[in-house]
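Chains as they are written, first to last, in this note's numbering: chain A, 875 to 1098; chain B, 875 to 1098; chain C, 17 to 316.
Worth flagging that the hints you see were computed from the coordinates, not collected in a lab.
Quantities reported herein were computed from a predicted structural model and do not represent experimental measurements.
Where is the CB? At the ideal position from N, CA and C, for every residue including glycine.
Worth double-checking, as some hints may not be accurate.
Stated by the list, open to error - Short derived list, chain C residues pointing at chain A, Cβ under 7 Å:
no.	residue
1	V145
2	M153
3	H233
4	L256
Single-letter residue listing:
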Amino acid sequence: MSNEPEAAGKRQAPVDVDTLPGGLAAALEAILMVADRPVSEFDLSKVLAVPVAEVRAALDSLRAEYDGLSADTTSVADPAISEDGAGQVSSGVVPRGFELRTVGGGWRFYSRAEFAPVVQAFVLEGQTSRLSRAAMETLAVVAYRQPVSRARVSAIRGVNVDGVMRTLVARGLLAEVDRDPISGALLYATTPYFLEKLGLDSLEELPQISPHLPGVDELEEFRG
Amino acid sequence: MSNEPEAAGKRQAPVDVDTLPGGLAAALEAILMVADRPVSEFDLSKVLAVPVAEVRAALDSLRAEYDGLSADTTSVADPAISEDGAGQVSSGVVPRGFELRTVGGGWRFYSRAEFAPVVQAFVLEGQTSRLSRAAMETLAVVAYRQPVSRARVSAIRGVNVDGVMRTLVARGLLAEVDRDPISGALLYATTPYFLEKLGLDSLEELPQISPHLPGVDELEEFRG
Amino acid sequence: MSTLVPEVDAGELSPGLSSGFAVELENFAGPFEVLLGLIGKHELDITTVSLAQVTDEFIEYVRALRLENSPAALDAASEFLVIAATLLDLKAARLLPRGEVSDEEDLALLEARDLLFARLLQYKAFKDVAALMGESMRIESARQARSVPLDPEFASLLPELVWRTTPEQFAEIARKAFEARTETPTEVGTDHLHGFAVTVRQEAEELRLLLEDGAEHGFRSLIAHAESVLVVVVRFLALLELFRDRAVDLRQEHPLDELWVTWTAASDWTADRLSDEHDRPVLPDDDGADASVTPQEVSA
């Protein structure tokens, strides 16, 4: 993605967003339009020199507005163009074709799921990349046990996972993050891209495993 | 999250856009939000199975709406969020932070020009004048395998390179040169600027590396 | 611990396996998978798996895969050892002297059995969660994230690159980048998968000869001249049988440490004293083919 980040925040906000047409909300739209990854509220707050709470509130409002829910203001967006779509404008509040979402630790523009059939004609990636069941299960083990060595994942799955792990790394879903201080084995963890693919903002949002598995944590040491 | 548009319009409109929430306008928004290059009215018309004239009219309306001019309909968008930007809502119609522009025969979302200072600040945040090691390695792989797809570079490097490749394109070291005739994937090559940086006159002057690198070709399956 | 295993629904375990445990190369996902499938097929409580039956069927399964003669089949076959170890865990627990949990070590071994079941459960839990995650991914794939090239207007603002890499250094970086990905995978021989019949009684007899001097022998030395991994496995089973028959004493300081064995039975002891259940030879394969495979899962 970007090159090595250096000590950030040494520049002042280049402009007072309140003086611009559309204010903070429009400034956020402008920035997210060029972002190629989720952008955190913290980063936005820093660039715009606006408190994080205000940034979050503005983003929440935008999201609600795009979703066709009424925003804080009473005015609403009505993107329906009269020529064709007049039939749908029942409530006067219509979702836009895009949405703003918090995934992978930040905010990002997405096309709305309903439009997948027309959008997919313009984007190739994402259609070709179904994961095999073995890959999916391996990914699940890493997601819940990270950071974790390949040996440990192998032990839990009962099969050699080297090939699958390499594929998952090549796909950007897993990354080598560290080395075990004792064994020296490489440790793997999921990436922000993994969170994006699952539509999650953070690992805490992973489905609870406990209903599926009572009391498994204690047997961790059984197979180092 | 790479999005390589394939030859558009080879499929029939899979869905009647009028049945979707937001209708044609929202469908156009969805497509343009994620297409990674300007899209022509013709391609949009083909994919959506809607006459070009209707597509153009809908796009004109959207553009006007984003610009804060009243759209065809009487309803208007008011993105101003009450917390902060209330001051600007003089007319009740405020431009958004993004705009639709026609460039090179196609439509594309851009950040609104007024917000260039904050967008610049965001883009420059954390940028350095040095390439990261990951970027350098990726560049090296492309240099010796060009023209080459991102998927292939990912397979060779064993990590997802989408972000790094974008950085290298943004830095003018790589360029999209072609499309793979079979997969439709974009192919990348180094630029004259890259040669200039390396102090070479042509690619032939790149030092030879061992002529055959066994196994590289079999890695293809790594990424569908 | 068995309360952890309220029910094992045969149907949901592995729908594909209901078709008579047919060969399913694409779906082969390892011994736990197979074991779960077998348990499901026989509608057995996971805690009372009939080992003899499961072992036989697993070997049958591996054999069927081998006949397919595909790389996936070889992968599957190479995993024989893993399931063998798994079954061995079960077997070891069952071979313990029953009804007399006298000391901590016995207790620990009994717990090992429960831990094995727990591991199977853990495996199943991850399978379930993986299915949920897969569904999330599928739903999520309908949305597409905006990810567009940086406008030239902004790209031109990036700081001018400082470039100090010479063409030679650059070539070296390229060479390393290619090399890193072209390591050859580890080869694992599967010669152990076929050959000769091995029986627990034979191996018990073999052990008796080795231990007769009355000295304490490390297990490593007892298997030092074993012809194959299979012999090692069966010899270990024999050792457990001998232990149950109180013909040997075992001593191990810590888990994974050397296992020390001392002969304790009378001099007239013979392997005939051992139970009948091991009379049938373990014969993992008989097609005589040899191969070595790369232990990689098949990822479609």
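Structure versus earlier hints, numbers of those that do not hold, lowest first: Hints 3, 4 not satisfied by this model.
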